[in-house]
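Enquirer: Produce the complete structure using the sequences and hints provided.
This is what each chain is made of:
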Amino acid sequence: MSRKPYVREVSKTRWFLRQPRYMRYMMREVTCLSIGAYALVLVLGIKRLSEGRAAYEGFLQALASPGGILFHLVVLAFALYHTASWFNVTPKAMPVQIGESFVSGGVIVGAHYGAWIVISLAVLLLAGAF
Amino acid sequence: MVTIRTDVAILGAGGAGLRAAIALAESDPGLRIALISKVYPMRSHTCAAEGGAAGVIKADDSLEQHFHDTVGGGDWLSDQDAVEYFIREAPGELVQLERWGCPWSRDPDGSVAVRPFGGMKIKRTWYAADKSGFHILHTLFQTSLKHPAIERFDEYYATDLLVDDGRCHGLTAIEMRSGQLREFRAQAVIIAAGGAGRMFRFTTNGAIKTGDGMALAYRAGVPLKDMEFVQYHPTGLPNTGILLTEGCRGEGGILVNRSGYRYLQDYGMGPETAPGKPVLKTMELGPRDRLSQAFWHEMKKGNTIPTPWGECVLLDMRHLGEKLIDERLPFVRELSTSYLGKDPVTEPIPVRPVVHYMMGGIDTDIGAATPLAGLFAAGECACVSINGANRLGSNSLTEILVFGRRAALSAVEYLRSGPRAGNERALTARTAEARERIRRLFEITGGRVSISGLRSEMMDTMEEHAGIYRTGGGLAQACARLSELRERHAGIGLNDRTNVYNTELLQALELKSMLDCAEAVAVSAQARTESRGAHQRLDFVERDDDKFLRHSLAHHRSGQPPRIEYRDVVVTKSQPGVRDYSGDKK
Amino acid sequence: MSERRVSLEVLRYDPETDSEPRFQRYPVPYHEEWVVLDALNYIKDHLDTTLSYRWSCHMAVCGSCGMMVNGEPVLACKAFLRDYPDEIRVEPLLHFPIERDLVTVIDDFMAKLARVKPYLIPARDEPASAAERRQTPAELKRFKQYTLCINCMLCYAACPEYGLMPEFLGPAAIALAHRYNRDSRDAGRDERQEIIAANEGVWDCSFVGACSEVCPKHVDPAGALQQVKIASTVDWYKEHLMPWVKK
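Residue numbers (the working numbering), protein chains in the order written: chain A, 1 to 130; chain B, 1001 to 1586; chain C, 2001 to 2247.
For the record, the hints were derived by calculation from the structure and aren't laboratory data.
By construction, the Cβ of each residue, glycine as well, lies at the ideal position given by its N, Cα and C atoms.
There's no promise every hint is true.
[Unchecked claim] Partner residues aside, some chain C positions facing chain A, computed with beta carbon under 10 angstroms: (1) T2136; (2) P2137; (3) D2220.
[Claimed, not checked] Calculated lysine-lysine pairs in the DSS-like style (CA-CA distance at most 27 angstroms, straight line): (4) A/K92 with C/K2144; (5) C/K2217 with C/K2117; (6) C/K2141 with B/K1058.
[Said to hold, decoys possible] Residues from chain A that keep clear of chain C, each with C-beta distances beyond 12 angstroms, as calculated: (7) V43; (8) G106; (9) S120; (10) L126.
Expert: Here it is in structure tokens:
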């Protein structure tokens, strides 16, 4: 037999470097770590709180340090990217059909942002920010 | 040699072939069915059909009316018993597709919607937006996956029918991925391999439509019927030949010449109707042959618009509005925008007539049986004939269903009659001959004839002499030229001597098929000294029912042009009359 | 016509003589309206008759001519030369074995298509009538988009998951199953979910979304897959938390 199909191997470790869209995907996935990182900080804060006033004050000081602020800025940027990249694909996963037409993607994405803002305000309200 | 033994071999996996395969599997799940095609089923050209499929379903319609539209549209060359059968079966077949999941467009009440089409007096064309053929093909293909009895042989190119003792016992085909010849032994063969529009340069037809099925039967001794009738579709994109469906006009699009004048009213299709309010069976909803001929006259009068791709008229759909175009003609919009850079919502689209469909084909009777026992044919490759001298738009998508199924039923009947088995030794010898012919192609050394060069000459010949209007002199030239090309084909030398997916070899074989079909077209056209439907002779401008209310039958002769014979048309209830497409009939 | 030329660098692979693919360069005239397929046809007719590739309709509906052009999966009949630089690299669709030149082996895709039961499965109690069923335009709209797949397999070439895990059913096959699941005339969803809402099914998809970005017919297979995931999750919760609720 003369057939001899040639199989092109896909690199298991570097495949995402081939395409900008794969890089964007990796960014979306990797930035979820920032959410985890922030959660860890929060857990650490609770631990410090349980250790008494001094420990908690120290924790707050660390947060206010340039390093702490930089960390939060980076984590915030990543968290925003992560959130936005997911919000932007929601119309695919949750299309809403009314009669013969579909609600436009912008409305669905917008609703997510709207809900996000409302929930954030509610959290701030509960935290006594206002 | 690998031999595949099966009960029924179907050649071609487009609409007709798939419909036949499903009908066979349903009639007897124990049957072995081999579905053989040179392309994967979803690549078949059925997918390019846009407008829709005709079938009487609405209360205001009648079988009688569909019959008269079809017979008159075909300029009385249709066999009327076949048309009656076709029209009776049509609604059931379309409903069957509905039950298999075809996404037909719907009326608000949920019933299937119908649209107006050329030459039809009543709205009866079922459609799925403007991708009707695509949806029919995919529905059939997907439904066929339900039947384990259907064994597919995708990308096999058939080379010869195995005939012994006046019966067809199978075929030989090249497995393209290995380049090896395979022998299919079958009790019955159904050819559903499509048309041959690629013999022309300017065509809506895909690359695969090279008349292989027609040529296969023809070389095995089955005549090709009515080959001189080649349909021009009036609205093709001028640069690519891409089809803009008749649905454009069905929905209300209009045709205008360079002065913005709706010229169809000057050719017996007037008076003018209001733009966007199409009136059935008149003006833009006249039949394709009349519209294409009107274009030719406009061109001669200098009323057409010169473009880099030839003379054009304008198809204006702007008044339909974006919403309607997006809902009913989204593909048309996509095609004209991408391939011509013109959006029908904002601009009129330049169009010109383009080769679209072969009314003629493998001679079959009303049961889809050819004169060769054990061989059946359906779809564009076959000529029953229901289309006569000019097919009405949307009858062919229905035809592939009605006669695809019919071919299957006839094949089953034939199987049950217990046909004699073929002589093993004789069939093996046939297969060996087929293999030898292919081998010789590989062995021609120093062949100087190029496939593309020869193909180009064939296309030029057909475009020049076998187009919308023909003359005896031109056709004589075409016949001589095609004879010569047939001889030169023997001198083709392959550069590619490999086995695996050798498309040069396939192109050489396809070119042979096209040359055979082209010669049948030219010789039949030369012999028909009258004008009827899509066959218009400048030297014989009248229809001649005394001499030519007959089908032409082109019989293959080895190394020579075909011999033409005639057979009377079957007339049941409609005597030849005047084709009237004028709107003011009161 | 202009004098301008473009250079097509085409992957060649002859299994009978080559141990691996190589590139061959062809100078091709440039025409404003030409697509990559026209350039390939020019090569086949005038420069090199041994080049093999699939094509037919030249109107982006038959799905034959999917290939990689400058690294992106596209239909060669819809990839205009004018949208590319003067150097154009043409390769067979990624993630499929190369049979020869630009021709790939698509057996895997064909088998997967068949596996998802892509046909209407009527309800068991539906009368075997021969009448047309009603379906409102809104009901049609619910699945219409997913009927538009031409099986060109660009999505498989774009999907990194398919490249890494060839067992993955992949975008087009699952989107097709979803199409039947959403059809008001169908009752086969449970049967199909067993196949598509499983490993090798939607859960192998990590929603890169590349399939939808390259889809020439805007089918949005990525959307279909996420919808299947959500539906399957809802099924799971219903089954485990509310066993008394019928699906």
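Enquirer: So, for every hint listed, does it hold in this structure?
Expert: Hints, verified against the model:
1. T2136: It holds, given that the least Cβ distance between C/T2136 and chain A is near 8 angstroms, below 10 angstroms.
2. P2137: Hint holds; C/P2137 Cβ to chain A Cβ min 5 angstroms, cut 10 angstroms.
3. D2220: Constraint on C/D2220 satisfied, holds at 6 angstroms.
4. A/K92 with C/K2144: Holds - the C-alpha atoms of C/K2144 and A/K92 are around 15 angstroms apart, at most 27 angstroms.
5. C/K2217 with C/K2117: It holds: about 22 angstroms lies between the C-alpha atoms, which stays within 27 angstroms.
6. C/K2141 with B/K1058: This hinted pair holds, its Cα atoms lying about 23 angstroms apart.
7. V43: holds, 27 angstroms
8. G106: At about 15 angstroms from chain C, A/G106 clears the 12 angstroms cut-off, so the statement holds.
9. S120: Given that every Cβ of chain C is farther than 12 angstroms from that of A/S120, nearest at about 25 angstroms, it holds.
10. L126: A/L126 clear of chain C: closest Cβ-Cβ about 28 angstroms, beyond 12 angstroms.
Against the hints set out earlier in the document, no violation occurs for any number.
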